[in-house]
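Visitor: What follows is each chain in one-letter form.
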Amino acid sequence: MLGGMLQFYFMSIHVPLVASLFLVSLIVGLLGYIIHFVFIKNTKNPTELSLIILTIGLAMVIRGTAMLIFGKNAHSVGQFLPFESVTIFGLTFSSQYLVVLVGALILAGLLFYVLNLTNFGKVMLAASQNPLACSIFGIDVEMVKSVSFFLSGFLGAVGGSIIAPISFAKYNIGLIMGLKGFSASVVGGFGNNVGAIVGGLIIGISESLSAGYISSSYKDAVTFFIMILVLFIKPSGIFGSKDVERV
Amino acid sequence: MLKVENLTVYYGRALAVKDVNIEVGKGEIVAIVGSNGAGKTTILNAVMGVLKKHGRVVFEDRDITNLKTHEIANLGISYLPDTRTIFKNLTVLDNLRVAFYKNLKVEGGKGFKQKLEGIFEHFTNLEEKMVLKAGFLSGGEQQMLSIAQSLMREPKLVILDEPSAGLSPKLVKDLFNIISFMKKNRLTVLIVEQNVNKTIKIADRVYFLKNGKIVASGKAKDFQDDNIIKQAYFGG
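Residue numbers (the working numbering), protein chains in the order written: chain A, 1 to 247; chain B, 1001 to 1236.
One or more of the hints may lead you astray.
[Unchecked claim] Using 25 angstroms as the maximum straight-line C-alpha spacing, the simulated BS3-like pairs for lysine-lysine come out as follows:
| id | chain 1 | residue 1 | chain 2 | residue 2 |
| --- | --- | --- | --- | --- |
| 1 | B | K1110 | B | K1129 |
| 2 | A | K219 | A | K170 |
| 3 | B | K1026 | B | K1156 |
| 4 | B | K1115 | B | K1184 |
| 5 | B | K1183 | B | K1052 |
| 6 | B | K1115 | A | K234 |
| 7 | A | K145 | B | K1052 |
| 8 | B | K1213 | B | K1201 |
| 9 | B | K1068 | A | K41 |
| 10 | A | K145 | B | K1018 |
| 11 | B | K1201 | B | K1170 |
| 12 | A | K145 | B | K1105 |
| 13 | A | K41 | B | K1052 |
| 14 | A | K145 | B | K1088 |
| 15 | A | K234 | B | K1133 |
| 16 | A | K41 | B | K1102 |
| 17 | B | K1183 | B | K1173 |
| 18 | B | K1052 | B | K1003 |
| 19 | A | K145 | B | K1133 |
| 20 | B | K1068 | A | K145 |
| 21 | A | K44 | B | K1052 |
| 22 | A | K44 | B | K1115 |
Keep in mind that the hints were calculated from the coordinates and are not lab data.
Owing to the predicted nature of the structure, the values given are computational and were not obtained by experimental measurement.
Chain A extracted, bound-state conformation (with noise of 0.2 angstroms):
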């Protein structure tokens, strides 16, 4: 959503787009980065629950405020390229669609680079699986959650950004965003890239085409049912696999 709106802003005051890009992406990274040092971090004994019922919390102030200063209605966000629709293999489409494919595959492959490629992406995993052991290695594991918020919010403003033109932008728009894109990591697999992808795919795919052959009030529906059929039949997710744990 803050990706979304801050993009209608930038666009509005004619920031060049590669410019108000790198600006949104670094404002909601570092917004990121603060609440994990002022909230999280500072959080009492925190537990997983706590952290989610922060975080929501969080989610709502940022989304009310986002209300005061843009107002409830939706604004329109500028395509990124200058030719309206690409045709490729007989297929006309937005050249904007044709953004977000390429804008998520670079994500997808930076994030994996990071995370599987670099020494500190491995200690970003690490550090999520056993914090304790990673101090004992002398790693300040509050400053890697920090860059963890950080990058998250990086990708996430990146992807509100150049969906924008699509979805319009609304202070209310990453809730449902937030929800499909959570019912992806689902479908795919928690902590898994490849999953993450897939699972997105899935339900993409599917909303179009309960949209196209049932009706398009129902495609949201569709998303959930699939989480729910999906956690019915493999909780784990398609690609998912249970802690590597040898008994």
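Place chain B on chain A using the hints.
Guide: Chain B in isolation, oriented as in the chain A frame:
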């Protein structure tokens, strides 16, 4: 090298450790022995900044009482807690890489490779399973991996919390061989163990802990008689 002065730790209102004083000299192997619930692990966790404490902890003439765990570790202290330090979803190699992460910034990949070769001389089975996820290792191998991780960092002081717990007799033998190797290399070790006889054999000095208090201490060789150990444990 390490001085623990009047250490007192509470869990909520319950007193776990009271007025404990421990000293570890450079190159020494010092053991803390005691039965379950005596407060051994609590002392180590408090020294490493995992638990809140009263009293004072000094390492190499520097007061480390209020430092965070990672700051204490970066002074050159390796700690092997009883919960193990492995990352089950990372490979054995990545587990060692994460343990070496702070040194990696200074020594680079070449330093890591050299260190790795040294480690694999003592932990040959880990070399064979380098690309396997740590969660697939047996309990004993996981413990060995934890010890290898703590040695990756070239520590000045190694703190071991019941390293032999849950290991087969063969692995216990290997483990004490590694500790003897540490002793030969003048590495300073503070060890907590329930395996009293084996520990006393390799230790220079020993502290007996009972109900959160030190009840006896002295040179390890003075405690090699079973009756003296019994007396230290049960009084009399």
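Visitor: Would you list, in rising numerical order, the hints stated earlier that this structure does not obey?
Guide: Numbers 5, 6, 10, 22 - these are the hints that the structure violates, sorted from lowest upward.
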